[in-house]
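Could you put together the complete structure from these sequences and hints?
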Amino acid sequence: MRRIEEQTYYEILEVSPEATPREIEKAYERAKETFHVDSPAIYTLFSKEEIEEIQGAIEEAHRVLMNEDLRKSYDQAHQEVIQQSSPGRLPEVEGKFQEKGSPLSFSDLALNIEEVDYRGAGLKQIRERLGIDLKTIAAETKINIKILTWIEEEDLKHLPPLVYLKGFLKSYAKVLHLDPQRLIEGYLQLLKEGKKR
Amino acid sequence: MKPSRNQNPQILWTIGGGKGGSGKSFLTANIGVCLSRLGAEVILVDADLGGANLHTLLGILPPFPSLSDFMRRRIPHLRDVLIATGIPNLQLITGAQDLLNAADSKNLQKRRVLRSIKALEGDYILVDLGGGNAVSVLDFFLMSDGGILVVTPEPTSIENTYRFLKSALYRKLRQSVSSHLVKSLIDAAMDGKNEMGIRNPHDLLREVRQLSHEEGERVIEEVKAFRPNLILNQVQSKKDVEIGFSIRSACRKYFGIHLHYLGYIVYDQEVGSSIRKRRPLILEHDRSKAAQCITEIASKLANSHQRSFSFERTVR
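These protein sequence lines are chains B and U, in that order.
13 is the number of the first residue of the first sequence in our numbering; add one for each residue after it.
6 is the number of the first residue of the second sequence in our numbering; add one for each residue after it.
I should point out that these hints are in silico values taken from the structure, not numbers from a laboratory.
Treat the hints with care, as some may be off.
[Claimed, not checked] In silico DSBU-like pairs for lysine-lysine, Cα to Cα no more than 30 Å straight-line: (1) U:Lys171 - U:Lys244; (2) U:Lys244 - B:Lys136; (3) B:Lys44 - U:Lys243; (4) U:Lys294 - B:Lys186; (5) U:Lys244 - B:Lys44; (6) B:Lys182 - U:Lys294; (7) B:Lys204 - B:Lys178; (8) U:Lys198 - B:Lys60; (9) B:Lys136 - U:Lys243; (10) B:Lys38 - U:Lys244; (11) B:Lys182 - B:Lys158; (12) U:Lys243 - U:Lys171; (13) U:Lys294 - B:Lys154; (14) U:Lys171 - B:Lys60; (15) U:Lys294 - B:Lys147; (16) B:Lys60 - U:Lys244; (17) B:Lys60 - U:Lys243; (18) B:Lys38 - U:Lys294; (19) U:Lys188 - U:Lys111; (20) B:Lys147 - B:Lys186; (21) U:Lys229 - B:Lys60; (22) U:Lys198 - U:Lys188; (23) U:Lys282 - B:Lys186; (24) B:Lys158 - B:Lys178; (25) U:Lys198 - B:Lys44; (26) U:Lys177 - B:Lys60; (27) B:Lys44 - U:Lys171; (28) B:Lys136 - U:Lys294; (29) B:Lys60 - B:Lys44; (30) U:Lys229 - B:Lys38; (31) U:Lys229 - B:Lys44; (32) B:Lys44 - B:Lys84; (33) U:Lys115 - U:Lys188.
[Said to hold, decoys possible] Calculated from the model, a selection of chain U residues having no Cβ within reach of chain B, i.e. all distances over 10 Å: (34) Phe69; (35) Arg84; (36) Leu87; (37) Arg117; (38) Gln241.
These numbers were taken from a predicted model, which means no experiment stands behind them.
Ideal placement from N, C-alpha and C gives every residue a C-beta, glycine not left out.
Shown next as C-alpha cells:
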C-alpha cells in the first residue's frame with residue numbers, strides 16, 4: 013500500500029521487473045488509456061491534480077524503462093526496493109486467483125469460441141480453456157485416453173475407423189457442450205485433407 | 006443414490022456491487038448452475054433482503070420457506086429453509102418475501118444469519134446481495150472467501166462500485182482495529198469532505214499511523230488481504246472489456262488494493278429471453294455467447310480452489 017510517489021516504475025506501469033520492452037510498451041498504452049482524463053474508470057476517484065501527477069509518473073516510468081541504459085542505472089540504484097516489490101511479493105500473484113498461469117487465463121477469455129477451428133488442436137484448446145483434463149473426458153465419455161490423445165493430436169495413422177470415430181467425436185463434443193455435428197464435419201474435412209496429402 | 010459431499014470445507018462467494026440491475030442475481034443463478042453441472046453441490050442464498058428474486062430466475066414459484074421464516078424463527082434451522090431447484094446438485098434459500106424492513110435487520114439477527122450461512126453444508130455457497138451500501142449488505146459481502154462485484158461498463162455503475170468498495174474496505178478496517186480513536190477516525194474518513202483532509206486510504210493510513218503505529222500496520226495488512234473480484238457484465242465492445250483493466254488499475258492506485266478481474270459477460274439478447282422464460286441461460290441457451298462467458302468464469306472459480314469433482318456425479 014504505497015502512494016504513487018513511493019512506487020517503483022515497474023509498479024506504476026504494473027509490470028514485472030523482468031518485463032520485456034514489448035510488455036512495457038503494452039502496459040504503458042493501457043496505463044495511458046486508464047488515466048486519460050475522459051476514462052470512465054477514474055473520474056470519480058481522482059482529482060484533476062492527482063490525475064496529472066499519475067500521468068506524469070506513467071510518462072517518466074515509460075521513458076526510463078524503455079531506454080536500456082537508463083533502465084540499467086535505475087535498476088541498480090533501486091535494487092532493494094525493486095526486489096521488495098518483485099512478482100513474488102506483488103499482490104497480483106499472491107492471491108487465490110492468478111490471471112497468468114491459471115487454467116483459464118484472462119486472455120483466453122477473449123477467444124471467440126465460434127472462431128475456433130473444430131479439429132484436434134481447437135478441441136484441445138477449448139478443453140484446456142474450460143479447465144478439464146483429458147482423464148476426466150475419458151471417464152465421462154468412456155473413451156480410451158489414448159484415442160482422445162490421437163483425436164486431439166490429429167494422429168490420422170492411429171485414429172479408429174470412421175464409424176467409431178464419429179461416435180467418439182460426438183461424445184467428446186457433448187462433454188464440452190459443443191455442436192457435435194460441427195465437430196464431426198470439421199474432423200471429416202481434416203481426414204479428407206490428410207488423404208490428399 | 007445421492008453422492009457423498011466433497012470432503013473439503015465449503016467455499017463461500019458473495020456477489021454484490023453498488024448498483025441494482027447490474028446482473029448480480031442473474032449471474033449468481035447461472036454460475037450456480039454451471040458449478041452444479043461440474044458435479045459440485047451448490048447452495049444459492051438470496052440475501053437481497055429488500056428485493057429477492059433469485060427464485061424467479063430459477064423458475065420457482067411461491068409459496069416456499071424463505072429466509073424470512075428463519076429470521077422470524079418460524080423455522081429454527083437455516084438448512085430447513087433449503088429448497089430443491091429441480092436442477093441436480095443445486096439448492097436454494099429464497100430471500101425474505103414479507104419483511105419490508107428486512108434490509109435493516111437487527112445486528113443480532115444478521116449475525117445469526119451470517120453464522121448459519123457459513124454452517125451450511127455444500128461445496129459452494131453463493132450469496133446474492135442487494136444493491137446499495139447498507140451496513141448489512143457490507144457485512145454479508147465481507148463474510149466471503151472472495152467477494153465478487155458485478156459491474157456494467159457505464160459510469161454510473163462504476164461510480165457506485167467504487168462507493169461500495171470504499172464502504173466495504175473502511176468497514177473491514179473498522180472491524181479490524183481495536184482503538185476507539187482509530188475507529189472514530191475511520192468513521193470520519195467516510196465523509197469525503199472531512200476536515201482532516203483524508204481523501205483516500207493512503208491519507209487514512211497516514212492519520213492512523215500518527216495515532217498508533219501498531220494500528221497502522223494492521224490497516225496495511227487488512228488492505229493487503231482485501232481482494233475482491235470483478236465481473237464486467239453486458240460488455241459490447243473491446244473497449245468495454247478494457248474498462249475492467251482500467252478499474253483494476255484505478256483501484257490499485259487509489260485504494261492500494263488488488264482487484265482481480267475475473268472476466269466479462271458479453272451483451273446478449275438471449276439473456277433477456279431466458280429471464281422472461283424464468284429459466285437459467287445456461288440451461289436455456291447454453292451455446293449463447295453470454296452462456297460461454299459465464300461457463301468460463303464458473304470454471305475459473307472452480308479451478309481456483311483446485312477442487313476436483315467427479316463427472317459421475319453430474320446428472321444431465
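Now for the hints, and whether the structure bears them out:
{"no.": "1", "hint": "U:Lys171 - U:Lys244", "result": "holds (25 Å)"}
{"no.": "2", "hint": "U:Lys244 - B:Lys136", "result": "holds (29 Å)"}
{"no.": "3", "hint": "B:Lys44 - U:Lys243", "result": "holds (16 Å)"}
{"no.": "4", "hint": "U:Lys294 - B:Lys186", "result": "holds (17 Å)"}
{"no.": "5", "hint": "U:Lys244 - B:Lys44", "result": "holds (14 Å)"}
{"no.": "6", "hint": "B:Lys182 - U:Lys294", "result": "holds (21 Å)"}
{"no.": "7", "hint": "B:Lys204 - B:Lys178", "result": "holds (14 Å)"}
{"no.": "8", "hint": "U:Lys198 - B:Lys60", "result": "holds (16 Å)"}
{"no.": "9", "hint": "B:Lys136 - U:Lys243", "result": "holds (25 Å)"}
{"no.": "10", "hint": "B:Lys38 - U:Lys244", "result": "holds (15 Å)"}
{"no.": "11", "hint": "B:Lys182 - B:Lys158", "result": "holds (17 Å)"}
{"no.": "12", "hint": "U:Lys243 - U:Lys171", "result": "holds (27 Å)"}
{"no.": "13", "hint": "U:Lys294 - B:Lys154", "result": "holds (29 Å)"}
{"no.": "14", "hint": "U:Lys171 - B:Lys60", "result": "holds (20 Å)"}
{"no.": "15", "hint": "U:Lys294 - B:Lys147", "result": "holds (27 Å)"}
{"no.": "16", "hint": "B:Lys60 - U:Lys244", "result": "holds (23 Å)"}
{"no.": "17", "hint": "B:Lys60 - U:Lys243", "result": "holds (27 Å)"}
{"no.": "18", "hint": "B:Lys38 - U:Lys294", "result": "holds (27 Å)"}
{"no.": "19", "hint": "U:Lys188 - U:Lys111", "result": "holds (21 Å)"}
{"no.": "20", "hint": "B:Lys147 - B:Lys186", "result": "holds (16 Å)"}
{"no.": "21", "hint": "U:Lys229 - B:Lys60", "result": "holds (27 Å)"}
{"no.": "22", "hint": "U:Lys198 - U:Lys188", "result": "holds (18 Å)"}
{"no.": "23", "hint": "U:Lys282 - B:Lys186", "result": "holds (24 Å)"}
{"no.": "24", "hint": "B:Lys158 - B:Lys178", "result": "holds (16 Å)"}
{"no.": "25", "hint": "U:Lys198 - B:Lys44", "result": "holds (29 Å)"}
{"no.": "26", "hint": "U:Lys177 - B:Lys60", "result": "holds (29 Å)"}
{"no.": "27", "hint": "B:Lys44 - U:Lys171", "result": "holds (24 Å)"}
{"no.": "28", "hint": "B:Lys136 - U:Lys294", "result": "holds (19 Å)"}
{"no.": "29", "hint": "B:Lys60 - B:Lys44", "result": "holds (15 Å)"}
{"no.": "30", "hint": "U:Lys229 - B:Lys38", "result": "holds (26 Å)"}
{"no.": "31", "hint": "U:Lys229 - B:Lys44", "result": "holds (25 Å)"}
{"no.": "32", "hint": "B:Lys44 - B:Lys84", "result": "holds (24 Å)"}
{"no.": "33", "hint": "U:Lys115 - U:Lys188", "result": "holds (21 Å)"}
{"no.": "34", "hint": "Phe69", "result": "holds (30 Å)"}
{"no.": "35", "hint": "Arg84", "result": "holds (27 Å)"}
{"no.": "36", "hint": "Leu87", "result": "holds (27 Å)"}
{"no.": "37", "hint": "Arg117", "result": "holds (28 Å)"}
{"no.": "38", "hint": "Gln241", "result": "holds (14 Å)"}
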